[in-house]
Amino acid sequence: MRVLIVGGGQVGSYLAALLLEQRHTVTIIETHEAATAALRRTVPGVTVIQGNGTDPDVLEMAGIRNVDLVAAVTGTDATNLVITSLARFAFNVPKAVARVNNPHNSWMFIPEMGVDLALNQADVLARLITQAML
Amino acid sequence: MRVIILGCGRIGSGLAGRLSYTGHTVTVIEPVAAALAHLPESFRGRTLVGDVLDRRLLLEAGIDHQDALAAVTPSDDINIVAARLARLVFRVPRVVARVYNPRAAEIYRRLGVQTVCTTTWGISRIAELLSYSELEPVASLGSDVDILDVAVPPLLVGRPVSVITVPGEIQVAAISRGGRTFLPQPATRLEAGDLLHLVVLTAATDHLVALLRQ
Chain A
1 MRVLIVGGGQ VGSYLAALLL EQRHTVTIIE THEAATAALR RTVPGVTVIQ GNGTDPDVLE
61 MAGIRNVDLV AAVTGTDATN LVITSLARFA FNVPKAVARV NNPHNSWMFI PEMGVDLALN
121 QADVLARLIT QAML
Chain B
1 MRVIILGCGR IGSGLAGRLS YTGHTVTVIE PVAAALAHLP ESFRGRTLVG DVLDRRLLLE
61 AGIDHQDALA AVTPSDDINI VAARLARLVF RVPRVVARVY NPRAAEIYRR LGVQTVCTTT
121 WGISRIAELL SYSELEPVAS LGSDVDILDV AVPPLLVGRP VSVITVPGEI QVAAISRGGR
181 TFLPQPATRL EAGDLLHLVV LTAATDHLVA LLRQ
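Heads up: the protein sequence lines correspond to chains A and B, in order.
Under my numbering, the first sequence has 17 at position 17, and the numbering climbs by one with no breaks.
Under my numbering, the second sequence has 62 at position 62, and the numbering climbs by one with no breaks.
One or more of the hints may lead you astray.
[To be verified] DEER-style ranges, computed between Cβ atoms:
#1 B/Pro-40 / A/His-24: 49 to 59 angstroms
#2 B/Arg-46 / A/Ala-122: 25 to 35 angstroms
#3 B/Leu-201 / A/Asn-52: 43 to 53 angstroms
#4 B/Val-209 / A/Glu-60: 39 to 49 angstroms
#5 A/Ala-122 / B/Arg-109: 33 to 43 angstroms
#6 A/Arg-127 / B/Asp-64: 22 to 32 angstroms
#7 B/Val-209 / A/Asn-52: 41 to 51 angstroms
#8 A/Ala-132 / B/Gly-62: 36 to 46 angstroms
#9 A/Arg-127 / B/Asp-51: 15 to 25 angstroms
[Unchecked claim] Covered stretches of chain B (chain A as the covering partner; in silico rule of three or more C-beta atoms under 8 angstroms from a C-beta of chain A):
#10 51-63
#11 70-79
#12 97-109
[Stated by the list, open to error] Anything over 12 angstroms on all C-beta distances counts as not near chain A; from chain B, calculated:
#13 Gly-9
#14 Thr-22
#15 His-24
#16 Ala-139
#17 Gly-158
#18 Arg-177
#19 Gly-179
#20 Thr-188
#21 Arg-189
#22 Gly-193
#23 Asp-194
Just so you know, these hints were derived from the structure itself, not from any lab.
Every residue, glycine too, gets a C-beta built ideally from N, C-alpha and C.
Chain B on its own, in the form it takes in the complex (with noise of 0.2 angstroms):
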């Protein structure tokens, strides 16, 4: 895939380093040179210093050929205008844009700019980090399935991931476990401080609580 990013501060040079290092083809707008200094040592993409919204630089870029764009400069406006701008001028099938204001994120959402807003984001994942016992789902697959998040109770640590595991009921999709997450196997040993991703047949959470409670 080949992708501009505009912006290289914490999330444009995080994003332009995985990019580069899963194989795709990156190019970084950004206004300050100094900036560029955030990128890992990884990063084999090109890299352009100027304003985003220059238009001989985005073509430059080969903005009219690209497959992605994400805007990330610190800046929702200029994020927006530039999303915007790569989607109906120059064609680019796929961008992504960041924004704070929740409430913007939203509507440029409906104007058909895919916006991810880091603001919702961490305080929903911080809800959710803080309330995780409670088995609130995280998400809901239909009206049947839910997707639960469930810290490891005490009582389970050293058992298989099998004993709450039944079939066509609950399953442990993954396990947060030291700053990673993984698929486990039936095998798998539960240890202390895991976060479990369950999925989960609504009708079966009551079957759920009581497999946690053991």
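Just chain A, same shape as in the assembly (with noise of 0.2 angstroms):
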């Protein structure tokens, strides 16, 4: 599968790194320079893109229109349902994950705002505290 991640940080790294190990092609946007050069280094193969995940021309020049899956795993939820609406909505992309910071913005990652799957770590932690705890 072709899949392009937005933000690469903890999360898009280690993401990029597991899916490129199950030989997927992936393409990494990140607006940082400094971590755009960090993630060339650490994580070999993958395609660095360096610019604003949420700029319609940044997700073209990335591909955008050839991928299978986009994942929006920003630190931002609104940049990351920005990313989603464009990613199904305007570039036709079969399928988009988004990743949920705050676990109170959840009910904004609905298929109408172009996500297929939210992940939402703290509500998983939370839950799996709780199941613990039980």
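Relying on the hints, combine the two individually framed chains into one complex.
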């Protein structure tokens, strides 16, 4: 599968490495120059594009029209939702997943916003912990 | 009309002041309490302090029974997300988002969110002000009628509007003078510095040029 990841922080770089291991083709968009350099070093085999992932021109440059999946995993919820909306509705990407940073924002991660799957770390953790307490 | 305004910066506070002044029921949501000081003294609406994407706060503002929402925070992303949610989740009939990126503004317009791109608007307005003497149409109404902006030529200063009116061909729709725009009477005298907004039959453009050069 061809995957476009937006956000090259800890989550994005970990996900990229995992997908590359499973022989997927991965492109990452990352805003910060220092982070893009680090990605090229630590995740060999990944294509890194420096730019703003909510800019339609940057998304096109990263090949969004030809990917099977977009993963919006930046540290800002509104940004992730803009990316999934653009991916699904403006660029017709078949599937989009998004990271939920603030669990209070999970209500916004719905199919109408282009989100097929929302990954809510805090919620998963909280549930696991409450289960462990039973 | 019941309106929610997200963001109380220059645009948000100005818009809130204006809508409140003209009798609309306005609720402003702004994350930074100090920013509410931008609101004019005449503002009669409600203000709520908090995250503009906080569901509870939006419901407290009555987003599920509003006539309109304007998302005018400094963040394009927040404005777009708020506008789409207002339309898709809360069924707000009229939603407008302020966006800086012109390409994104165009895409969101296609996706059903009305966007105002202050960048594009500023560029075209400045270009217009720099070049209005060249008889470039500002807008076309169908294929036969143009709206033109023309600086009043020196020789017409002091003459009445009727001298550049040709029934069925050329009409002075409005005049911008000293920062305000008004609809003139046939007898209104033209003043130096006036910007004339003309409605012209495309076929009569040559006639207009002749009138402006008289």
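Hint by hint, here is what the structure shows:
no. : hint                                      : verdict
1   : B/Pro-40 / A/His-24: 49 to 59 angstroms   : 56 angstroms, holds
2   : B/Arg-46 / A/Ala-122: 25 to 35 angstroms  : 32 angstroms, holds
3   : B/Leu-201 / A/Asn-52: 43 to 53 angstroms  : 46 angstroms, holds
4   : B/Val-209 / A/Glu-60: 39 to 49 angstroms  : 44 angstroms, holds
5   : A/Ala-122 / B/Arg-109: 33 to 43 angstroms : 35 angstroms, holds
6   : A/Arg-127 / B/Asp-64: 22 to 32 angstroms  : 29 angstroms, holds
7   : B/Val-209 / A/Asn-52: 41 to 51 angstroms  : 46 angstroms, holds
8   : A/Ala-132 / B/Gly-62: 36 to 46 angstroms  : 41 angstroms, holds
9   : A/Arg-127 / B/Asp-51: 15 to 25 angstroms  : 24 angstroms, holds
10  : 51-63                                     : holds (count 3)
11  : 70-79                                     : holds (count 4)
12  : 97-109                                    : holds (count 4)
13  : Gly-9                                     : 17 angstroms, holds
14  : Thr-22                                    : 31 angstroms, holds
15  : His-24                                    : 27 angstroms, holds
16  : Ala-139                                   : 26 angstroms, holds
17  : Gly-158                                   : 51 angstroms, holds
18  : Arg-177                                   : 41 angstroms, holds
19  : Gly-179                                   : 36 angstroms, holds
20  : Thr-188                                   : 47 angstroms, holds
21  : Arg-189                                   : 50 angstroms, holds
22  : Gly-193                                   : 40 angstroms, holds
23  : Asp-194                                   : 41 angstroms, holds
Comparing the model with each earlier hint shows no violations; every hint is respected.
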